[in-house]
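So the sequences go chain by chain: S and Z.
Heads up: the first sequence is residues 1 to 439, going by the numbering used here.
Heads up: the second sequence is residues 1001 to 1172, going by the numbering used here.
Since the hints were made in silico from the structure, they are not lab data.
Errors might be hidden in some of the hints.
[Stated by the list, open to error] Within a straight-line C-alpha distance of at most 30 Å, the following computed DSSO-like cross-link-like pairs (lysine-lysine) qualify: (1) Z:Lys1151 / S:Lys227; (2) Z:Lys1133 / S:Lys179; (3) S:Lys155 / Z:Lys1133; (4) S:Lys227 / Z:Lys1133.
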Amino acid sequence: MMRAGIKWFAMATMMLWTASAQAVLTIEITRGVETGLPIAIVPFSWEGPVAPSQNVSDVIEADLARSGRFAVLPRKDFISTPHQDKDVVFKDWRILKAEALVIGSVKLVSPGKFQVQFRLYDVFKETQLAGFRYTVAGAMLRSVAHQISDIVYEKLTGEPGAFSTRIAYITREEPPHAKPVYKLQVADSDGFNPQTVVRSAEPLMSPAWSPDGKRLAYVSFEDKRSKVYIQNITNGQRELIAEFHGINSAPAWSPDGKQLALTLSRDGNAEIYIMRLDTRALKRLTYDPAIDTEAAWSPDGKDIIFTSDRAGSPQIYRMSATGGPAERLTFEGDYNARASYAPDGKSITFVSRQQGNFRIAVMQLDNRTMQILTDTSLDESPSFAPNGRMIIYATEVRGRGVLASVSADGRVRQLFKFEEGDVREPAWSPYNRVLQYKE
Amino acid sequence: MKNGKHLVVSLLIAFAMAGCAGEQAVKPSTTGGGEQGAGAQTAPAAGTAGPSARELSAQKRAELLAQHRVHFAFDSSAIDDDARAIIEAHASYLVDNPSINVTLQGNCDERGTREYNLALGERRAQSVEKMMKVLGVAGSRIKTVSYGEEKPLCEEHNESCWRQNRRVDISY
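Chain Z extracted, bound-state conformation (with noise of 0.2 Å):
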């Protein structure tokens, strides 16, 4: 399973950085000017020695696109700063590659009740759903599913695991 998912990981890396790169530093704005994209194109101008924005860019969204989880507060589906980079770069993905479809998994951390964060994971999943759409995924390309906080990643019972819990898992 895990090795499974490393995989197909590692693949969308060598994927992204071989392939689409060059297709998506033409239309860089399609997020609608997120942090990444705006700190790529304004680091070249302050030195010339150093790579290009389109390489910069090509590769920052490359190791946007080896994150496959996206995280959130207690109880909350909000969508933070982190995790909408993330989301752009999956987005853009899916946007170039029309034949993938992706699965995303809403998980929630031990605390508060089974059922609530069975409720809870499936509008996390939800939301990041959402945010695909507005970048131009269709949704019949989007599967959601909730497991509550029944498949968490870390058990100890502290902030830090806790954390990691909370998440939604993006898969192909």
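Chain S on its own, in the form it takes in the complex (with noise of 0.2 Å):
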């Protein structure tokens, strides 16, 4: 069935950068923490003519605020406003009770071009950790601000920031009178500057990050029937995987990049096979009646999870991604579908049937104990955040899918509200490309 040779697809709907990112998107924090580390983010001066369009403090206060490590201290409290380091004065935040401090400022240097400097400081050492210098376009400025989160969050937790990453999701608009308009879609982790990968008429489904961050693996109904394919986020370059016979979908990468699960019905039902990128080869994984899908890769590329029902019920199973017999991971409960690994292996997190809801769930793979994240009722897809703290999902809220995230420990959750139509699917990007900075 598989066509042969590799087929390129030039693609005239990438990158279509979203003219107002801005104004897609609110974020709501629906579960807070009072705990967390107190920090004060003094807002970022500006000199220039015309203030940039985004504001560099105000994004690093809602990355870090959202991290839920953090208790971002009011501003109005504030007894001074330092932007430069010679205006610090310890005492004043020693007063608030802030442990570490951040000032910096935005400065247009040429037409287009920006200087972005910040200093974070140990409130209570006195001492500086970290202090950088950005010289970048306007369009970069949330991009710096990102990555000032990371430096922020790595300083103060001893963890990488996953703040410079991206989220790939599905959305699905019903213009009226219209058909509707699906499009596979990549923002920042924060939900803002959306671009359209692909736009479709029929539904897209699945998408599944390579480990480099640049291509997308996906499932598209263009044809009238799931068909998988790989598309290259930069240059919009597309191939077309897999359409065997019967359904074609579930694509998750292994850790190197080089080979591909898949869920393929072309033997009468739905089993796990393993495509070696560069061949194409197929390797069949699963043998049994029961529906096997849903694969995903122990980050040591040894293991597969998968949800199979051949024990009557959905469940999460775990193999070797050689072969062999499949061991039963969950059995709470008669709904666990679609596990994927937190990046150290140690746990993973699926959906779970709960009194007849479906929430999000993780479980510790060294004593099976299993946590309920969220308390909502349509949450699926859940993606952990590439250092392992937070979750992104999608869940509905009066009527409309949208993406939420939940700290890995259920204690700090919020809901990313685009403004129109359903959103669904998220998939959390690996680490990203670091920006230029001079100490």
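Two chains, two separate frames, one set of hints: put the complex together.
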């Protein structure tokens, strides 16, 4: 069935930047924490004729608040508002019980070019923990802000931040008196700067990032049945990967990016296969009359976890990526599905039915304890941030599909509110490129 | 799209009532004695004023043939009695009309995961396919496709909507 050779398609609709990204989305923290490291972020000063479209310090503040690791102090309480090192009075911040302080400035240095400086301090030790200077175009100001958030996060928690990453997701819009439009989109980790990678009149499903963050595998129904494609998100080049008889679905990249796990029913029943991307050679992994689907790789590439209803209801199983017997991992409840690993391989997240509600769960693999992280009813598609601290998922609010995120410990949750349409199937990208900066 | 489907269905009803009714009544047990056939056969014995067994069976069959959807329970691809009667009617129509092919599109409600539902939708289409084959329709004339939960008919989040969405669409 597979056509010989590699087929490349140029995408007409690639990389459509949405003009007013800011109007598309608001983020609402639906569950917060009182604990967290107290941090003060002084609004950055601005030097130039017209204020830039992006407020760098606002983005940093939102990032850090969203992480659940920080208590961001209210600006109205600030005694002083320093922008330069010489203006910092540590006593002013100790009074507020701030443990960390971020200051900075944004300056227009040439037409369209901005210089962003920031400094991070330990208030009690009265020392500078980090200080960088970036010179970037206006369109990159949000990226700089996310990168500053990553640095602050890493300096203060000892773990890398994941603010400079991106999310892929599917949207469905139904304009009045017109057919629905499906889009595969990629946005910053906070939902801003959405860009359309694929647009279709038929459903799109299951976006999956390549480990290098450059390509997305996904399922498209553009030919009136499910087929799997891989698309380069920067140049739009597209490859048809699977169009076998039956369903072609659930693509999942191996950690080395050389193989793709797929669900195919070419042999009559939904089974998991592994395709080598260089030769397109297929190896069948599961042999069971039940549904076997939703494969995900362990970070070391040795194991596959997947959903199977071989015991009568959908449950999570684990097997070697080279084949062999499968071990059942979930026993609580009658519906556990679509699992994926945390980046450290120690836990998995999946969808679990609890008293008729579909919620996001996490299971520690060493002792098999399961924790339910959400309390809504139609939650799906959980995906870990590359630092393992947050999980993004899709849920439903007032009849519409929306994205939401929850900290991996369940303590902080927020909704990404898009203005229109259904948003679904988020997938968190691997770590992203780093901008150039000077100490 | 929708209008086209309706037209096809109307044509099918007309076809069933006009052309195939007589033929079908001659061999009512191709289905292995389903509920509908039995009911239609016992009905005329009770009263002579009503429609004949042949007419009743043709009418019943036309009604069943007008239904191009069969429904399923949550996370199930089992065919219940209502679905069985509809599938039987379509199978005998296909047996009587060997030049016509059929597409079975499996669908799910929004609950549960999308990829699992894609496989479940296929399994639903396959269970209708299996029954049609048992009833004498050649496998080469049946095409199955699954849309999982991607093509809901009804978009509210309640059981009455979900039931409508857990379906196999039978189309010619």
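Verification of the supplied hints:
Distance restraint check for Lys1151 of chain Z and Lys227 of chain S: the Cα-Cα separation of roughly 16 Å lies within the 30 Å cut-off, and the hinted pair is therefore satisfied. Taking the CA atoms of Lys1133 of chain Z and Lys179 of chain S, the gap is near 35 Å; set against the 30 Å cutoff, the hint is violated. Between Lys155 of chain S and Lys1133 of chain Z the CA atoms are separated by roughly 66 Å; this puts the pair beyond 30 Å, and the hint is violated. This hinted pair checks out: Lys227 of chain S and Lys1133 of chain Z have alpha carbons roughly 26 Å apart, not beyond 30 Å.
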